[in-house]
Amino acid sequence: MEMIDFHTHYVNREMLNPTWLNFLEAINPQFYSKIDDYGKRPDLFAAYLKTQGVKYAVVLAECAPATSGNIPTEKVIEYCRDTRCSCRSPH
Amino acid sequence: MLLPFASLNPNAHPDPAGKFEVYVKESEAKGLKLHPSYQFFYPNEPRLYPLYGKAQELGVPVIFHIGSSIFKGTRLKYCDPIYLDDLAVDFPDLKIVMAHSGRGFWYDQCFSLSRLHKNVYMDVTGLPPLNLLSYFPDLEKNREKVIFGSDWPTMPGSIGKNVEAIKSLPLSDRAIEAILYRNAHRILFE
Numbered sequence: 001m002e003m004i005d006f007h008t009h010y011v012n013r014e015m016l017n018p019t020w021l022n023f024l025e026a027i028n029p030q031f032y033s034k035i036d037d038y039g040k041r042p043d044l045f046a047a048y049l050k051t052q053g054v055k056y057a058v059v060l061a062e063c064a065p066a067t068s069g070n071i072p073t074e075k076v077i078e079y080c081r082d083t084r085c086s087c088r089s090p091h
Numbered sequence: 092m093l094l095p096f097a098s099l100n101p102n103a104h105p106d107p108a109g110k111f112e113v114y115v116k117e118s119e120a121k122g123l124k125l126h127p128s129y130q131f132f133y134p135n136e137p138r139l140y141p142l143y144g145k146a147q148e149l150g151v152p153v154i155f156h157i158g159s160s161i162f163k164g165t166r167l168k169y170c171d172p173i174y175l176d177d178l179a180v181d182f183p184d185l186k187i188v189m190a191h192s193g194r195g196f197w198y199d200q201c202f203s204l205s206r207l208h209k210n211v212y213m214d215v216t217g218l219p220p221l222n223l224l225s226y227f228p229d230l231e232k233n234r235e236k237v238i239f240g241s242d243w244p245t246m247p248g249s250i251g252k253n254v255e256a257i258k259s260l261p262l263s264d265r266a267i268e269a270i271l272y273r274n275a276h277r278i279l280f281e
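Chains G and D, in that order, give the protein sequences. Read in order, the letters of the first sequence are residues 1 to 91 in this note's numbering. Read in order, the letters of the second sequence are residues 92 to 281 in this note's numbering.
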């Protein structure tokens, strides 16, 4: 069965507020140990998604420096650029 | 394939609708994510209507964070799902997605809103999959309006583990397929 993950986050250590970073380290230490790699290499994330059976993943920007952090839209667009689908319908 | 969604802080941008249009048309953003409780605005404020009108015109979805949060400074009052009712009425072709489906506070309200309005969807990100039917006992009835999201990487385990948990729920095959793929496909590509 093909899958779409409608809610994932682009994360970058410098862009997240401490609460998010600390929570991330606690809840997903395996990812946290590679956070810098994933932040620079969308191909790593794309490869991981493939192992999980995910065909498309929505990657979210976040503009909330007072609470969670500031992950600019421009950064997310750049991150997705090499793997995004620009077609209206994939079929 | 990775599909970028933009985010804008309505309190920080002088022309959110104009900015969002640029994101979609020039940078191929596929939708918009808003955080009322992090950005401190009520979704049904009239000043935001040009932004919603633009999203409706462009045919792209808008996700709202609707539910609890771990972040200090969050103001929950802004993400009460009732404020999305006005949007659903005033923008009947806008695809409105409730991320976290009311986590902690508004499960019934989110379910009811999604049942009431053809353009309102439940994104079950951040809810333990095995608990979904306790939060939404009639989930099967709303199977065409529920969307899977992992919240990766801010989640325990793997995406696959969460998917398997959803597949193990006593739901029809049609519901499982809709939650994991077909509903999101319709929102994103149709």
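You may find that some hints are simply not true.
[To be verified] Facing chain D, a subset of chain G residues (Cβ under 7 Å, in silico): (1) D5; (2) T8; (3) L21.
[As the list claims (entries may be wrong)] Below 25 Å or equal to it, Euclidean Cα-Cα: the simulated DSS-like pairs (lysine-lysine) are: (4) G:K50 with G:K75; (5) G:K34 with D:K252; (6) G:K75 with D:K209; (7) G:K75 with D:K110; (8) G:K55 with D:K110; (9) D:K145 with D:K110; (10) D:K116 with D:K145; (11) D:K258 with D:K232; (12) D:K258 with G:K75; (13) G:K50 with G:K34; (14) D:K145 with D:K209; (15) G:K55 with D:K252; (16) D:K110 with G:K50; (17) G:K55 with G:K40; (18) G:K75 with D:K252; (19) D:K258 with G:K50; (20) G:K40 with G:K75; (21) D:K232 with D:K209.
[What the hints assert, rightly or not] Reference excerpt, derived from the structure (chain D facing chain G, CB under 8 Å, subset only): (22) S118; (23) G164; (24) A190; (25) P219; (26) N222; (27) S225; (28) S241; (29) T245; (30) E268.
In case anyone wonders, no lab produced these hints; they're calculated from the structure. Backbone N, C-alpha and C define an ideal beta-carbon position, used for all residues, glycine too.
Structure-based check of all given hints:
no.: 1; hint: D5; verdict: 5 Å, holds
no.: 2; hint: T8; verdict: 4 Å, holds
no.: 3; hint: L21; verdict: 10 Å, violated
no.: 4; hint: G:K50 with G:K75; verdict: 22 Å, holds
no.: 5; hint: G:K34 with D:K252; verdict: 20 Å, holds
no.: 6; hint: G:K75 with D:K209; verdict: 33 Å, violated
no.: 7; hint: G:K75 with D:K110; verdict: 15 Å, holds
no.: 8; hint: G:K55 with D:K110; verdict: 29 Å, violated
no.: 9; hint: D:K145 with D:K110; verdict: 10 Å, holds
no.: 10; hint: D:K116 with D:K145; verdict: 11 Å, holds
no.: 11; hint: D:K258 with D:K232; verdict: 17 Å, holds
no.: 12; hint: D:K258 with G:K75; verdict: 34 Å, violated
no.: 13; hint: G:K50 with G:K34; verdict: 18 Å, holds
no.: 14; hint: D:K145 with D:K209; verdict: 19 Å, holds
no.: 15; hint: G:K55 with D:K252; verdict: 16 Å, holds
no.: 16; hint: D:K110 with G:K50; verdict: 32 Å, violated
no.: 17; hint: G:K55 with G:K40; verdict: 21 Å, holds
no.: 18; hint: G:K75 with D:K252; verdict: 28 Å, violated
no.: 19; hint: D:K258 with G:K50; verdict: 18 Å, holds
no.: 20; hint: G:K40 with G:K75; verdict: 11 Å, holds
no.: 21; hint: D:K232 with D:K209; verdict: 13 Å, holds
no.: 22; hint: S118; verdict: 5 Å, holds
no.: 23; hint: G164; verdict: 5 Å, holds
no.: 24; hint: A190; verdict: 6 Å, holds
no.: 25; hint: P219; verdict: 13 Å, violated
no.: 26; hint: N222; verdict: 17 Å, violated
no.: 27; hint: S225; verdict: 21 Å, violated
no.: 28; hint: S241; verdict: 5 Å, holds
no.: 29; hint: T245; verdict: 6 Å, holds
no.: 30; hint: E268; verdict: 6 Å, holds
In the structure shown, a violation is registered for the earlier hints numbered 3, 6, 8, 12, 16, 18, 25, 26, 27, in ascending order.
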